[in-house]
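Below, each chain spelled out in residue letters.
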Amino acid sequence: MVPITHFLYLASTLFVIGLLGVMLRRNVLIVLMSVELMLNGANIALVAFSRFHGNLDGQVLAMFTIAVAAAEAAVGLAIVVSIFRSRTGSDIDDLSLLRD
Amino acid sequence: MTFALGPVPLLPEPAAAAGQATTASAQALVDMVHLAPMMIVGIWSLIVLVADAFARPGLRRFQQTLTLLGLGLAVLAAVGQFGHYEYDGGIEVFSGFLYVDQFALLVDLGILGVAGAVVLFAGDYNRSHRFEYGEHESLVLIATFGVMILAHAGDLVALFLGIETMSIAVYVMVGARWNSRQSPEAALKYFVMGAFSSGLLLMGIALVYGATGVTGLDQLSHEVSTVFTKWRAAQDYVAVVEAPEGFPAGMVDMAQDKVALGIAPAALLIPGVLLVLGALLFKVSAVPFHMWTPDAYEGAPSPTTAFMAAGVKIGAFAALLKLFVGTFIVGSLVQAPYGWTSVVLWLAAATMIVGNLAAVRQTNVKRLLAYSSVAHVGYLLVGVVAAASFYGDRPAKGYLPTADEHAWASNAGDTAVASILYYLLAYAVATLGAFACVSWLGRDKKEASAAHEWSGLAQRHPGIALGMTVCLLSLMGMPPMGGFFGKLFVFRSAFEHGSEALRIVVVIAVVNSVIGAVYYLRLIVSMYFRPPLERDLGHVEGRGAPVVLAAAAALSVLIGIGADAMMQRCRLASAGFRIPPSEARAERVDELRAQWEQREAEADRKAAQEEGQQPGQKAGQQPGQQPDEKAQVEVPAAAAPSAEGGTPPAEAEALDDGG
Amino acid sequence: MNETEFNLHFIPLFPLLGAVFNLLLGKQLLRSLGDRLGREVVHLVAIGAIAFSCFFTISAVFEVMVGQDYDRLVDSVYPWIVSGDLHIGFDLVLDHLSAVMCLVITGVGLLIHIFSVGYMAKDPDYGRYFAYLNLFCAAMLILVLGKSLVLTFVGWEGVGVCSYLLIGFWFTDDAKATAGRKAFIMNRVGDFGFILGMLLIYTVVGSLDVDAIARACALGEQSPLVQKLIFGVPIATVATMLLFVGCTGKSAQIPLFTWLPDAMAGPTPVSALIHAATMVTAGVYLIVRLNFLFALAPVTMAVIAVIGAATALFAATIGITQNDIKKVLAYSTVSQLGYMFLAAGMGAWVAAIFHLVTHAFFKACLFLGSGAVIEACHHNQDIRTMGGLREKMPVTAGTFFVSCLAIAGIFPFAGFFSKDEILLHAYANESRGIFTPGGMELNYILYSLGALAALCTSFYMFRLYYLTFEGKFRGDHHTWHHYVREHWIMSLPLVILAGFAAIGGLLGWPHVFGGVIHIDHVLEQWLEPITSLSGTYGGEYTVGVREQFLHEGHVGSGMELTGMAIGLGIGIAGWVFARRLYLDGPSEQAAMLAKRFSALHAASSAKYWVDEIYDVLFVKPVRMIGQLCHQVGDMLLIDGVGVQGTAGAVGVLGTLTKAWHNGNVRRYLASLTFGVAILLGVIYLNPQVSRGDILPKNAAGERELAPDIGLRRTFGAQSVNMDLFWGLFKIHLPGKAEQDAAARRGPPGGEIIRAPALEPAKNPDGRPLNGGAGGQP
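These protein sequence lines are chains H, Z and D, in that order.
In this text, residue positions in the first sequence follow my numbering: the first is 1, and each later residue adds one.
In this text, residue positions in the second sequence follow my numbering: the first is 1, and each later residue adds one.
In this text, residue positions in the third sequence follow my numbering: the first is 1, and each later residue adds one.
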């Protein structure tokens, strides 16, 4: 049987990769993907804990998260599309119209 | 209540509900009736969305009316429910997924008001700035629905879903203004950061779930203390692990397991709680999580900004209160060295300082209000810390608080939560008014949000300027507006807690509210004391914004003048806040109600007494004629309040000395 | 102290209604009824409102006077805030002190309203002006009548706002708007002290009701206000100091006095009402209202006395060289307020209030007179270009002269008595001698400062009078021939006020003169119920209830008479000196004197560069801090330390991004992550946690046996932050444990989402007992 520790290693690795991706990548689409990675890392942790504790709460939340992530991705892409209308390129660093 | 939809007549008798073997679907129906305001909003968001498919541009007003109708129904339902004895102890619906209690119902009322106001003036704004779109009302309703889920949440899952429902709808609303370059940019910034914080939130929830194995808030509040008990219990095996010589190998192994299992839940719980805290601090925009706030507020269409500043903030604070004041309140999790209060306290100080100092140098009104809302979050966080400290104080070793002290502390905590609610509502009202004014000025894709464009507003639109001034004064904390009493209540609660750090931060907060006066005043000055621009920038057609502004100004004053009545409602909402829905909580509310009844009876008695003496007194006002009668009219009223008022500080000291 | 109910709320209500009326309809009326009739309606409403209020005050005061069994009136309008143990009622009280104040406010207010009809006759914003004036009166009356400090504070803020609105009344002039802002901000600085002081009192007394505070103070040295210390100082001292900070703001004392001269930008009747007669005396009122509390704080009292005396002299020396007619009067006001604080600091409450009243009369008269002059000279305020105006405006000149006599302390005008009483207290009250700088008793120093200030006062007032009204006119021809004629509506208030300034001294007829006319010190007897509050407990804290003090042999009648003679001499000396130098305009000698003492003269006429110093010390640094916060906070800290630091913390991956782009979103994200890092870091990097010494020690210095959380002991020498992280990975599934757990919880899956063992109160099918969880059993 795979011990829970291994699941947690995987989950935290995914989460950290996602976190760094959001923080460090410039392409908007990759940032969106990294967000998905973060959510999925958390999902794996949830499912693993769910198995560990022997109840289904975590899995239920994971299901919900998948749906939420889909909605979030849809909205995110829509926003990206509306940005492309007025700009060329997908560099997140170019967005500096709003500043102090 | 006379309206047909009222939940009260539809409710089955509690005894009957318990006695009969109701089917699951019937139970679900009853739950939905309990959740009437939320259900109405949810269903209405779909109705409005469908109605949009049939609406031609000319019919958009009909959609607005339809939305307001739905919100009105929800308000009626919530008004019927709020304050009803049925909900005193809180009710778990959908298997404890959501709660219906007074707190949630008050927040419902607040957010429904915010949504109604936003719907009232958003349509005009969108039309005037040429980006009218049919989904707007529906999106507002969905976001409102999300906030209501947050207020009702009885489970971490519900909490997560509430935050996401609210946020996703708001992302769309922020980016909806397609004819501006700023709006999509603001949306993307807000979205990326929001999604990032959702990730943190979910990871935090996962860790908390890992540590405790439950997600229901009522079970969590019990389980988090078990975690620390386990931790303590593992101490017995520590000696074996530290000095394994002389123990059999099997025993050492077992000890290691025991220690690991004892420490693991705490090791998961503490970072988990902190991640959740971080995500919620992002949602309320506390420093240093605040950086999205000015950009998103500036770029978003003004009505959306109003919704973010008032509605989203209400939702985020409801979540923060539910989790960090209502659930995670075991002493070890609140206090140093593992607790979050000390960090958040100083973050609160930083929040108000940064918010205020940054607001001072803003030239854009929306940005200024954004930073000012950051500053207000700082003040509110002081209250949150105070409330959590009251609830979660861990008594010193060898000292168990007496029943009186315990009761005093939970009472003080309840009052602190009530103060936060009061502040939040007063702030929401004033900020709504301010943004309604912002959205009213300017037309045809050009918003008049630069501060210099506000010069001489009072000459051009005296009514609008007056309303805006009242709202700004309320935000500034000028008596007798609501904002003043919000500050007074929150700071007083924080001050009453004996902790030195809290008191220092209260002093910082008072200094900050003085700084805050500067920039609000600058706006007022430019409205009143500067000549108007030569070119009239025009304003949005339609009466929505002026109506909202007038209502907000009037409410700001009313909340201040009727601070007592308002606070009483907040107090009802917060009674027994830390206790999960139960009989015990209902008892707390009963106590409170009994107190009020007693007070009212006393007032009645006094009034009756005065009534009886009225003739004598009238005669007594003729100078010097009947001195004997006047001698009876001696009022010992002054003694009563101060005698009562004198005791709690003494008790507080007793608690301090002990703790 | 017995009391009876009385509808006191009518007193502030009338002006409030007047204000609302004029604010809403003023402009409309002028437009729809025509200029003349519109103005009539506007000012009749405003004057009617304040007149009603005045009438009501007088009837209330009569009620107090004739009442045998009570000496104050109360009115519980409504319970404002009742939350938990905090009770704040909207309760008004009219006792002997607030009666005096109310009479001054409504009486002088009424006269100034009448004067304004003439002064503002041409102003287009007529309605707004009277609305503000009425609003001010309402706020001031609430301040005075408030039963709890909270209500007083509401009035306190209210008068601040009105003052700000009225100073900036002609806001189109940028300098005037700025002056308004300056006044407001300086007052806010003071208010901050007021709020803190209130909070501090609240923490000890548990109430902000003045009666409750009085009861707490009645214990004298045993009072918790004295017994409890904060930073080693009795709370009473700290709280009174903070309240006094509020007073320095509102009453323009050192160091917050610079706003008052600038406040002269407002219309002159406003200066007379707000910045001379009423609002600026709110600080004095507050101290006398809380005299029992201040009496418990001898150090604060000494500070008040010193600040008061210093302000009196400081402002008086500035007044000597000013050339703007209103500026002279403004500095004179600051100086006279200093006298009042000197008196209050000496515990001479009666003297303080006495001077407050007489000052209200003569200073209001002076300001109104200056207003008439300014009006006549077409808004010229420079006295160097005036002169000889007595010929043109005899009534104004006469009343002005009478008021000058009063303020200079010439017998038998009002100022003589009140100022003499203050100086006498300063000289003779030895209980103030707790500090002896340079081996000199403090009271002698204070007396000398006061006497010197009196000399300056007399000098600059008569200089003002002679330069304005005597000699030859020095302005241009046009002004002289086209001056604005005196109008009865402006002269009438002047004459009435001058009359009061002349005979006001009767209120405080000294005891030594008792034999001559049989009116003893009326005001002293009247205020006895208030002042006796601080005298009930004796001991070293007693600070001069006048009666005790004068009758217990501290002061012989000889000393009192000598003091009066000296005071009179000083007044006359200043007068004669000014007359010699300025009778025919600025003389050669005056210029010579100015040249000889050129350094002093320059300093005085530049107002000792106080504004400039404040600018360098406070205004610029605050601006710089704002800039700095932006640069250091946003750019350096969040960008530099936060972003780079986090990048370093998350490891070598940070170096993978070759250059650190200034992308905004990512900067924000880094800040967010930095925030989470703070949350985690404060706990994990807490030295207490990582050293593991969280085991509390008992009194004997031994570690207590039952540790709260002994992390360090769990993992030996490793630091605990690592423990917590590694703990996360130490979990493994010991097969048996899991099976045990599973056995306990029952099989997962099915409908049951939550383990039933954790939820005892569920139906068999897993749903909670909904209805039953509610309020009913």
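Please keep in mind that the hints were generated in silico from the structure rather than gathered at the bench.
Any given hint might turn out to be false.
Cβ pair distances, simulated, as ranges [to be verified]:
| no. | chain 1 | residue 1 | chain 2 | residue 2 | range |
| --- | --- | --- | --- | --- | --- |
| 1 | H | Tyr-9 | Z | Glu-500 | 18 to 26 Å |
| 2 | D | Ala-603 | Z | Glu-500 | 40 to 48 Å |
| 3 | D | Arg-384 | Z | Glu-500 | 38 to 46 Å |
| 4 | D | Val-233 | Z | Gly-538 | 58 to 66 Å |
| 5 | D | Gln-589 | Z | Arg-361 | 48 to 56 Å |
| 6 | Z | Glu-534 | D | Gln-589 | 49 to 57 Å |
| 7 | Z | Glu-600 | D | Trp-488 | 55 to 63 Å |
Please read all numbers here as calculations on a predicted model, not as lab measurements.
In this text, a Cβ means the ideal position worked out from N, Cα and C, and glycines have one as well.
Tested hints:
Here the CB-CB span from Tyr-9 (chain H) to Glu-500 (chain Z) is close to 43 Å, at odds with the stated 18 to 26 Å. About 45 Å separates the C-beta atoms of Ala-603 (chain D) and Glu-500 (chain Z), a value consistent with the hinted range of 40 to 48 Å. Taking 38 to 46 Å as the suggested C-beta distance range, the pair Arg-384 (chain D) and Glu-500 (chain Z) does not conform, at roughly 59 Å. At about 60 Å, the CB distance of Val-233 (chain D) to Gly-538 (chain Z) agrees with the hint of 58 to 66 Å.
Our hint of 48 to 56 Å for Gln-589 (chain D) and Arg-361 (chain Z) holds, since their Cβ atoms are close to 53 Å apart. Taken as a hint, the range 49 to 57 Å holds for the pair Glu-534 (chain Z) and Gln-589 (chain D), whose Cβ atoms sit roughly 55 Å apart. The beta-carbon spacing between Glu-600 (chain Z) and Trp-488 (chain D), approximately 57 Å, falls within the hinted interval of 55 to 63 Å.
The earlier numbered hints that this structure contradicts are 1 and 3.
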